[in-house]
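**Q** Counting in our numbering, the sequence shown runs from 1 upward without gaps.
Keep in mind the hints are simulated off the structure, nothing from the lab. What you are looking at is a predicted structure, and each value in this text was computed from that prediction instead of being measured. Every residue gets a Cβ at the ideal spot worked out from N, C-alpha and C, and that includes glycine. Fair warning: there could be bad hints in the mix.
In the SDA-like style, the derived pairs of lysine to any residue whose C-alpha atoms are separated by at most 25 Å in a straight line are [said to hold, decoys possible]:
1. Lys181 with Leu10
2. Lys118 with Asp64
3. Lys62 with Lys118
Simulated restraints on C-beta separations [as the list claims (entries may be wrong)]:
4. Asp87 with Lys223: 22 to 30 Å
5. Ile220 with Leu152: 16 to 24 Å
6. Asn33 with Leu185: 27 to 35 Å
7. Val100 with Lys5: 30 to 38 Å
8. Gln217 with Asp21: 29 to 37 Å
9. Gln217 with Ser17: 25 to 33 Å
10. Asp21 with Asn135: 36 to 44 Å
11. Val100 with Ser73: 40 to 48 Å
12. Leu185 with Gln217: 25 to 33 Å
13. Leu28 with Asp183: 21 to 29 Å
14. Ser17 with Lys223: 33 to 41 Å
15. Ser97 with Lys58: 37 to 45 Å
16. Lys61 with Asn109: 38 to 46 Å
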Amino acid sequence: MNLIKQYDNLYHAAIDSIENDTYETDSLIDSINDKRLGVTLIIRPSQQVKNNIQTFLKALKKFDSSQYFYPNSDIHITVMSIISCYDGFNLNKISISDYVSLVKKSLQNTEAFNLHFKGVTASKAGIMIQGFPQNDTLNNLRDQLRKNFKNLPLEQSLDKRYSIQTAHATVVRFRYELKNKMDVLKTIHEYKNHDFGAFTVKELEFVFNDWCLRKQQTKILEKFSI
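Using the sequences and the hints given, assemble the complete structure.
**A** Below is the structure:
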């Protein structure tokens, strides 16, 4: 299934869930008891792309500012959730150098590539910007990571939640019942095919993070240039 079809399927399922009030809210986002932590390989969009995204978020906030909106510092694309966030994880449980070495090995034949953010999609739990890699570099890297982690006895949860194939950036998470729901839906629809811009991926970050990758809760373990 191509990316456009995947994003469209996500979009229609999410819109149905919002219209029918079967969407999901995350009550832990603001909780001091939220101890969900993990390690993730991510891409950061360019400043211009992030600024373009904020224009969309500003439009949404006019109708419902109570949801969790990602600031520029936290917007990212997940290359791979190496260890998906769970309550009780900490860095003392792993050897960081082993993970860094494995990621480096996986990146050996990876070159810089372009990523285009165009359009909006959603899930039952939030709103996302659609990312489109301009070649197969990202998919090939993910396959290499899966292969290399499979061959070593390191804690990992690759594809545990879902087999990641997209290049989206989550920018809104639902934490309360939606206000002005029809206006929110109208705004999402207006930005359905909006062009947020493109950028060249030249660097990846390996991070220790919380559920939303909030800057104050995220520690960069290593940066990789490609």
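**Q** Evaluate each hint against the coordinates.
**A** Tested hints:
1. Between Lys181 and Leu10, the direct Cα distance comes to roughly 18 Å. Compliance with the 25 Å bound is thereby established for this hinted pair.
2. At most 25 Å may separate the alpha-carbon atoms for a hinted pair to count; Lys118 and Asp64 meet this at roughly 23 Å.
3. Our distance criterion of 25 Å between C-alpha atoms is met by Lys62 and Lys118, whose separation comes to about 22 Å.
4. Checked against the given bound of 22 to 30 Å, the beta carbons of Asp87 and Lys223, roughly 28 Å apart, stay inside it.
5. Restraint check, Ile220 to Leu152: a C-beta distance of roughly 23 Å satisfies the suggested window 16 to 24 Å.
6. Roughly 32 Å separates the CB atoms of Asn33 and Leu185, a value that falls within the hinted 27 to 35 Å.
7. The supplied range of 30 to 38 Å is met by Val100 and Lys5, whose beta-carbon atoms lie about 35 Å from each other.
8. Between Gln217 and Asp21 the Cβ separation comes to about 31 Å, which falls inside the hinted range of 29 to 37 Å.
9. Range check, Gln217 to Ser17: about 28 Å between beta-carbon atoms, so the 25 to 33 Å window is met.
10. At about 40 Å, the CB distance of Asp21 to Asn135 agrees with the hint of 36 to 44 Å.
11. With their beta carbons about 23 Å apart, Val100 and Ser73 fall outside the hinted range of 40 to 48 Å.
12. Evaluation of the 25 to 33 Å hint for Leu185 and Gln217 yields a pass: the beta carbon distance comes to about 31 Å.
13. In this structure the supplied range 21 to 29 Å holds for Leu28 paired with Asp183, their Cβ-Cβ distance being about 27 Å.
14. Distance hint check: the CB atoms of Ser17 and Lys223 are about 37 Å apart, consistent with the given range 33 to 41 Å.
15. For Ser97 and Lys58, the hinted distance range of 37 to 45 Å is satisfied, since their beta carbons lie about 42 Å from each other.
16. Against the hinted window of 38 to 46 Å, the Cβ-Cβ separation of Lys61 and Asn109 comes to about 42 Å, which satisfies the hint.
Checked against the numbered hints given earlier, the structure breaks only hint 11 and satisfies all the rest.
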